[in-house]
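The hints should help you fit chain C onto chain D, whose structure is shown.
The listed protein sequences derive, respectively, from chains D and C.
According to this note's numbering, the residues represented by the first sequence are 18 to 343, in order.
According to this note's numbering, the residues represented by the second sequence are 2 to 251, in order.
Simulated from the structure, these hints should not be mistaken for laboratory data.
Each hint should be verified, as a subset may be incorrect.
No more than 30 Å apart at the CA atoms, straight line, and that leaves these computed lysine-lysine pairs for DSSO-like [to be verified]:
1. C:Lys194 - D:Lys310
2. C:Lys202 - D:Lys313
3. D:Lys323 - D:Lys310
Far from chain C, some chain D residues (derived; all Cβ distances over 12 Å) [stated by the list, open to error]:
4. Leu80
5. Thr140
6. Gln286
From the structure, some residues in chain C lie toward chain D, with a derived Cβ separation under 8 Å [to be verified]:
7. Met118
8. Val119
9. Asp120
10. Phe121
11. Thr123
The structure presented is a predicted model; accordingly, all values stated were derived computationally and were not measured.
Idealized CB from N, CA, C, for every residue including glycine.
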Amino acid sequence: MQKVGMTTTIPVEVVYAAGCIPVDLNNIFITHEDPRGLVEEAETAGYPRNLCAWIKGLYSTTLQNKDIKTIVAVTQGDCSNTHALMETLEMAGIRVIPFAFPFDRDYDLLKLQIEKLMDALGTTWDEVYRVKARLDQIRAKVQELDRLTWQGDRVKGWDNHLFQVSCSDFDGNPDAFEQRIDAYLAELPQKEPIKADLRIAYIGVPPIVDDLYDYLEERGARVVFNEVQRQFVMPFGIDDLVEQYRTYSYPYGIFYRLEDISREVEKRQVDGIIHYAQSFCYRQIEDMIVRQKLRKYPILTLEGDKPSKLDARTRMRLDAFVEMLR
Amino acid sequence: MICGIDLGSRSVKVALMAPDGSLTFHKFDTVSFYRQHGRMVEGQLQVDLAALGLGVPEKVVATGYGRQTINLKGAEVIPELKAHVLGAVHQTGLTDFTLLDLGGQDSKVVLVSRGKMVDFQTNDKCAASTGRYLENMAAVLDIDLAELSRHYRNPVDLSSTCAIFGETELIGKVVEGHPVANLAAGVNYTIFKRIKPMLHKLLTDTIVFTGGVAHNQALVKILEQEMQVPVVVPEYPQYNGAIGCCVAGS
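This is chain D alone, in the form it adopts within the complex (with noise of 0.2 Å):
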């Protein structure tokens, strides 16, 4: 079956429907034995020192990777530099699909792009529900993770956004993700308690550290909501599948963003936020905004930039935090 790339989350029902195995290329660029590496890579092809990690991974990925010839490329709602990534990526021989999440939410601009996607992968709306109604079984699993994440004290951090971070993609393979969670759900009783205080919300795009949610657990403090991961997982028991893409959040602005944020951080009672940004990207302006409308919440910005472990400064600026919260 052929693989197909993608620079983010998608409908990938789509991409099942039409007999092709989707490759989230986030997800192999950082779970890499080497990340830095190809973030190196892409800079000495020529890509800007400063310029967001992640579109540097994905190129070397994609490029890496020689049994991906297409890319679902996200042009709209995500990365502005997906732009020229896809140029990139076209010079090197890459068939780019262009897919643009309407900023106003529209829901015709959206069937439209989702139907421009269809034709360019070949398959019709019927595959792409009998696929919608596989994946959205395996969804409620996962969203059975996240309930147990914060109504629940087993759960953790890390687990609960590796899982739900998988679902843009379902690893490739719908069935063997499915054992995997199954296997998760099942051990869990046995599991001992997370031994932590405070409950902390992280919002923003998924960290490029893959450390923090340990560190915090060891501090006393526990992630109890990892809010773009957990729209990966399609939350929302919508049959419509043009709906179910119009109310995922994280393609839109961040006003549409706040409103499930603050239900959420009410909804699971946290104690502080983690705004996370990713050097150089533009969500980093939109602190501002997360800042003022989350006022009566505590917050910390973490910024983000290589992929690696989490530095010396973070850690004093997230012991100041915890030690606040307390």
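Chain C alone, transformed into the frame defined by chain D:
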């Protein structure tokens, strides 16, 4: 006696608090402190405090940048900003203020309300508004830090984007023939420009200014003029974190 240790990037500051609350201070160069007086034992830094002339304290409380990478054996460690808040409250007797701490590589602004930290900002990824930057710039001007800290009038306009490129820019201004006083004022102003957004976010009606850079009188003047609030520099600004450690341990 309680021993508070602030493991800074440039110097290690030690405060000793006697049972009557009186304080004595010691300062060591960070690298020689680690090299000459410390050794790693089972992943922890063991320091012979008696050999350093610090006696045998009943309790050691440590903080600072170093604590992120080095666990000081036998010491209770507290978060850095907590130490600074405790120190500032202890030294000034104030409970509601904006704490500005400028150290060797750090710029920190903390909002303190009823004696507790309620919000904070720190520099990130860059040390262009810190003591190390001032040292470098003073060296370029061939003056000492005391001289640098005298000037705040008629500042030469310098960009504040990079501590190292800043040196080249400053040399360019020297070539243009500006007087040293104006150049020094320009250097002091770049510090202010860098921390201004952080201060604005967390400003109250008093700034308590700590850290080694608080010895810079010109910067104190600039802060008062620009922020329009009184700036309080405690008696021992550089030992503030170490004093906070003593307070935490007492």
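Okay, the hints, checked on the actual structure:
1. C:Lys194 - D:Lys310: At roughly 27 Å apart (the allowed maximum being 30 Å), D:Lys310 and C:Lys194 satisfy the hint.
2. C:Lys202 - D:Lys313: holds (15 Å)
3. D:Lys323 - D:Lys310: Roughly 29 Å separates the two Cα atoms, so the pair holds.
4. Leu80: holds (28 Å)
5. Thr140: At roughly 45 Å from the nearest Cβ of chain C, D:Thr140 sits farther out than 12 Å, so the non-interface label holds.
6. Gln286: The assertion about D:Gln286 holds, with a minimum of 20 Å to chain C.
7. Met118: holds (5 Å)
8. Val119: Holds, because the Cβ-Cβ distance from C:Val119 to chain D comes to roughly 7 Å (cut-off 8 Å).
9. Asp120: holds (7 Å)
10. Phe121: Status holds, d = 6 Å.
11. Thr123: Hint holds; C:Thr123 Cβ to chain D Cβ min 6 Å, cut 8 Å.
In the structure shown, no violation is registered for any of the earlier numbered hints.
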